[in-house]
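As a plain string of letters, each chain reads:
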Amino acid sequence: MTQPFRLPGVGRLDAGKPLAFTFDGKSYTGREGDTLASALLANGVHLVGRSFKYHRPRGFLSAGPEEPNALVGIHRDAARKTPNVRATVQELYDGLAAVSQNRWPSLAFDIGAISDLNAPLFSAGFYYKTFKWPRAAWDRLYEPAIRRAAGLGNAPDKPDPDHYANRFAHCDVLVIGAGPAGLAAALAACETGARVILADEQPVPGGRLRFEADARIEGKSGWDWAEETVARLAARDNVRVLTRTTGFGYYAQNMIGLVERVTDHLANPDPNAPRERLWQVRAKRVVLATGAIERHMVFPDNDRPGIMLASSARTYLNHFGVAVGNRIAVYAAEDSAYAAAIDLKKHGVGIAAIIDSRAAPESPAVEEARALGIDVLAGHAVIGTDGRLRVRRVHVAPISGGPHREFQVDALLTSSGWTPAVHLFSQSRGKLAFDEATQRFLPGLYVQDAVSVGSCNGTFDLASSVNEAFDAGAKVAKEAGFRKPRARQMEASSGTPWSIGMAGASPGVEPGTSKMAFVDFQNDVTAKDIRQAVREGMRSIEHVKRFTTTGMATDQGKTSNLHGLAIASQMLGKPIPEVGLTTFRPPYTPVTFGALVGHSRGRLFEPTRRTPTHDWAKAQGAVFEDVGQWKRARYFPQVGEDMHAAVARESRTVRETAGIFDASTLGKIEVVGPDAARFMELMYTNPWAKLGVGRCRYGIMLREDGFIYDDGVVGRIAEDRFHVTTTTGGAPRVLHHMEDYLQTEFPDLKVWLTSTSEQWAVIAVQGPRSREIIAPFVEGIDISDEAMPHMSVREGRVCGVPARLFRISFTGERGFEINVPADYGLSVWKSIWAEGQKHGACAYGTETMHVLRAEKGFIIVGQETDGTVTPDDAGLSWAIGRKKADFVGIRGLRRPDLVAEGRKQLVGLKTVDPQIVLDEGAQIVADPDQPVPMKMIGHVTSSYWSSNCGRSIALALIENGRARMGERLYVPMPDEMVEAEVTSTIFFDEKGERLHG
Amino acid sequence: MLLIHCPYCEEERPEAEFRHAGEAHIARPQNIAEISDEEFERYFFIRSNPKGLVFERWRHIHGCARFFNAARDTVSDRFLKTYKAGEPKPALDGEG
Amino acid sequence: MKKYSAFAIAREALRGNTGWPEQWSSPEPKKSYDVIIIGGGGHGLGTAYYLAREHGITNVAVLEKGWLGGGNTGRNTTIIRSNYLYDESAALYNHAIKLWAGLSQDLNYNVMYSARGVMMLAHNVHDVQVFKRHIHANRLNGVDNEWLTPEQAKRYCPPLEISRDARYPVVGAALQRRGGTARHDAVAWGYARAASDRGVDIIQNCEVTGIRRGPDGAITGVETTRGPIKARKVGVVAAGHSSVLMQMADVQVPLESFPLQALVSEPVKPVFPCVVMSNSVHAYISQSDKGELVIGAGTDQYTSYSQTGSLSILQHTLEAICELFPMFTRMKMLRSWGGIVDVTPDRSPILAKTPVKGLYVNCGWGTGGFKATPGSAHVFAHTIARDEPHPINASYTLERFRTGRLIDEAAAAAVAH
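Protein chains in written order, with the working numbering: chain A, 1 to 997; chain B, 1 to 96; chain C, 1 to 417.
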């Protein structure tokens, strides 16, 4: 028979076409609207998992997200395997395939359970006390074994084909939780016209009304009222109802993170739909209607499959139409659990007994249970249970002493009371207050613009709850700037009120007991473990938690934290608030990485910046490198060439004829205004006032501490206008740095700064034939040596396009840099390229650019410098305006260590064997024979094979480098000691004649 | 993600539009070239780093691009006031 | 002290685990001590332990305003490595690694130092230059660190994506095999137990509200929420709260405190064998013995003492993680939290005497203090006991910001710790 525990005509699910699914390969059927848990229970399956440490068989504790036990793997296909899914949350779909976890070889027979037999050895914190000898064994033996035993499911092993979405939203009132309180609050708020978002983690709103079949609101059954209210809300333009959406994090200034599960419940999801969607909602006011979570009783062997929370059994019955057993006992310390027995009994399920640890419980529920003929054992405790893979017997004894009794059962429902779900309130940094009378933590001092309503606020009574919520909804809408709606009294009632209950170990689980009474199921933490932690000196609840791992499992202690705290507080003889409450850390329930990542994956991980010639270079076969967000052509290999050969050819060609290089990634800043020169004087070490219009200068920018921050060539376009270039990565920070000084230190200067990095494409044409190559395209500029010498700039036209033409060189050759509007960059490039080919020019990439500049000893900021290098260290003291009274860095440069003897200075380095190319980053020593640790006196900053020099060349920062010219130093490599000679930084054309030739 | 009121735009915008720019009301000495090593250390390195009320600089870098000042409580991260660069330090008490 | 061993565990198992003694005692504070350590994290407790063990100074109190290890010790991602560039850093962190290797035995407490290797990924030419510079310097300093090709990196860490098509492909990696992780709580508790055993008073829930100085300016004691306590020597080891405490003694320090976040995933079976760091894409990840992926995030941009941070910071971190390990998008974030890190201008710590006689400070570890815990504690104890620094921490002065003699690992490498 299929679904033998599904009661005909009971529950809210449609009995139509059954859904097929498998669990550990075995086939079952369920109904549309089932969770995996309710469907398995309908088939009489309780055993679904194994615990973390002892591998004890476990069943469903709950019917919701607080579930600690029923974690399974859901395998849609090879790439869509999700571990640790709560079966109580996963909705059933046709074809669902679930597997159990943390067991071998099978769920019913798990070798790992051997640790259960030896449980006393694995007491809290046992691993801190052993595995220390022999020393090497931790890495090789003990730790791998522990790691294999721990963990739950298996991580996916293939890239995730699903995608995830991300939305930002603003609203006046965000209501989290669509139980009766949340619905009432949303109703009140939306009637004022406020923009309302209502979110609930369940597929259908209703909260407690899912199981409280006897609840009535405004003359209707609670469930009908909820459905109608949701429909009313959803129909309004100013309300957005989000189901399957969990508010998981409460961040600063009323920003709430919510995650919506979009497709995990569908058999055949639309491939265009995201699997999950992250909502980041900024709300003027937040209404927390997050409900309460029922606690289990902490009694011996309380973890067998078939032992579950009373309200969950009610949910399975009243919502899903599933009886969780045929003969059921209830063990409780509060009233609401009676309703479970009553509901089940009314549907013909056998109730063995209600065991109540209270001496003389008095409530209509007790009367009703007795009237139904249920055996109510007040003042009794469950002192043990039997049944390996499913509970089958309950041992009961009077608390005051007396004869034991046994009940044959196939399920045991427990409740010790309800814990208000204050997680989000606590995350909002609100201060919780402990209510002595009811032994609960409740929202106390609010730090953000929020309000708690209903059972998360401690208001358990349904009528009070909806009215409190309605009033609060109206109030916050008014605070958000809307008219207050008419006050309204809502009629509501529920059959069985929730009473206070108890926290901590149940009677019979006293200190000294050897029984295993679980507090935290998933992490296998018992009352005994918590007591042991206290005995070992763990006096703060945070220590108890960390020592025992209670509350640190995937459920984050939703059902267990208060028990743990109560047991610790009892051991310490201190009231609960003095022991403390562990912080509620986000997220409320686990959040998929993908949802937080959204679209920022693969190519969208970060923006890619491309120059105007990118596609051209690609077509030419260029190899690119990442420089910040830029893709830059590194070299242009011809057939059969590797990087070495390509760079050798490119760098030779530039010096023999010419090369064309895309320098568009250079940062560019336009500095304009009557005080532009004064401002430049302050920002750069160099003097600028006397730089003529049409002339260029190499500028060095320091931080205030005197270290090189950036460099670049600056052209004076007009008296009041400078064209500043920066390093490729440096433009944003240089502009920020300039703006900082301009706005806050020198606000009186009349200067305006504009980033023009992306406005100009820059085409460098370098080499003896560069002038001939560009000449046919240049209009309105005399580019003869006389009219336009090295380090000058002119405005005119190139290829008919407005251009700034620089006569500058980063190669040591005669060179030009053509700046044209970026949109024309490619067409100008193509023209130059076509002309260049006639002259035998080549395109070259960043690698050749590096080699050529190194041959000339030009530095790259970030390669020769590293944030600890001064201009003098880099051999650039000539660039400091000696007569200047001020510039940024002037004082920093004079600090004792910056002017001390023995600083590292930039020099050239030639290996004695010219064929050896040193490793960039290699360290340099003076004495090759010293033992480790060696005294390092510097390092290689740049090193290349120079085909133009016919040998390797290197730049290095070396202590007192400039005083060591000609000295032999050593570069110790793992397999050899390389000898090198200190030289000038200029390796090619030392006199600089080629600039003009 | 904080919400920050830009005193130039007169709008509250998400922190993603802003860049934090360190402690406020630390003026660069007019005669910086002449100050002592101790004075330079105090100006450039020493920060009050208060637990409570801090005066700090922000820049609306992806908005109006202006630098401005803010008074914020570093325990609650709540802004007490934002004001334009150059305006005097307001008299405020921390939220404690 | 009752010795921990497999034998003790077996014996206690037979007694229902009821015979374990308190790991450390919690006495009322005395009126006076020889040395007061402010801050009951790993560095502070370790300092007290080494004061007692190495220098015979046992009349010591550790004052903790909350619970032991509740600050950054219990909030960090426990990465341990020593492959720093500068000689000063290599010496300090390598000193720590040597102590880590024997710490479980030394303390008779399993701190689970797991030398599973720390691999730092290079994504571009600049990274390669920087990492090679480190590798060469480390080798000559006797610190292990080796270069791996992308293929070797993937063999060492199979989940790693090394496709050339990635937005920032992995072009190589630096591996320190002796790097790894340790169990953070065990470090605090192990030091507390061992220090307590040697007579150190460990006093929790005791917040220092003032630092007392005599007419000559020298330290005379502290004021606390549990009354005044006298001492001629006070060591401040308070991480994010160092500025606040130092100001009580009128000492200004170059520190700023920032929120730093971390997160763990739900536990899964072993999938991640080592520690991987990528400074270019900002990702730090390992897997704990429990099975959780432990992921370090970045700091928020603003100073804060709130121990929380922005969701956007976590998002950015997970983007990087999923970029490097694309199969992890279906994993779930279980828990996230924030700490307060105290950052110096050169990102290196201050471990030094101060201008105030009898006042010592150990702060400024930024995001990287855990790895140094035993080394830092050991040399700081020396500094307090001898009133002069150990050669290993001689450069970590307060004065270096005046002279400009910084130990700027961050500038030199663009590397977070």
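Calculated directly from the structure, the hints in this document are not laboratory data. Quick caveat: nothing in here was measured; it's all calculated off a predicted structure. Worth double-checking, as some hints may not be accurate.
Listed below are the simulated DSSO-like cross-link pairs for lysine-lysine, each with C-alpha atoms no more than 27 Å apart in a straight line [what the hints assert, rightly or not]: (1) B:Lys81 x A:Lys478; (2) C:Lys269 x C:Lys290; (3) A:Lys158 x C:Lys230; (4) A:Lys935 x C:Lys3; (5) B:Lys81 x A:Lys431; (6) A:Lys158 x C:Lys269; (7) C:Lys2 x A:Lys515; (8) A:Lys750 x A:Lys838; (9) A:Lys158 x C:Lys290; (10) A:Lys910 x A:Lys750; (11) C:Lys30 x C:Lys290; (12) B:Lys51 x C:Lys230; (13) A:Lys574 x C:Lys65.
For each label pair, taking beta carbons as the anchor points, the in silico distance ranges come out as [stated by the list, open to error]: (14) A:His996 x C:Arg164: 15 to 25 Å; (15) B:Asn31 x A:Arg652: 47 to 57 Å; (16) A:His996 x B:Pro88: 53 to 63 Å; (17) A:Ile111 x C:Arg53: 22 to 32 Å; (18) B:Pro88 x A:Pro271: 54 to 64 Å.
A virtual CB, placed ideally from N, CA and C, is assigned to each residue, including glycine.
* Which numbered hints are broken by the structure, listed smallest first? -> 3, 4, 8, 10, 11, 14 and 17
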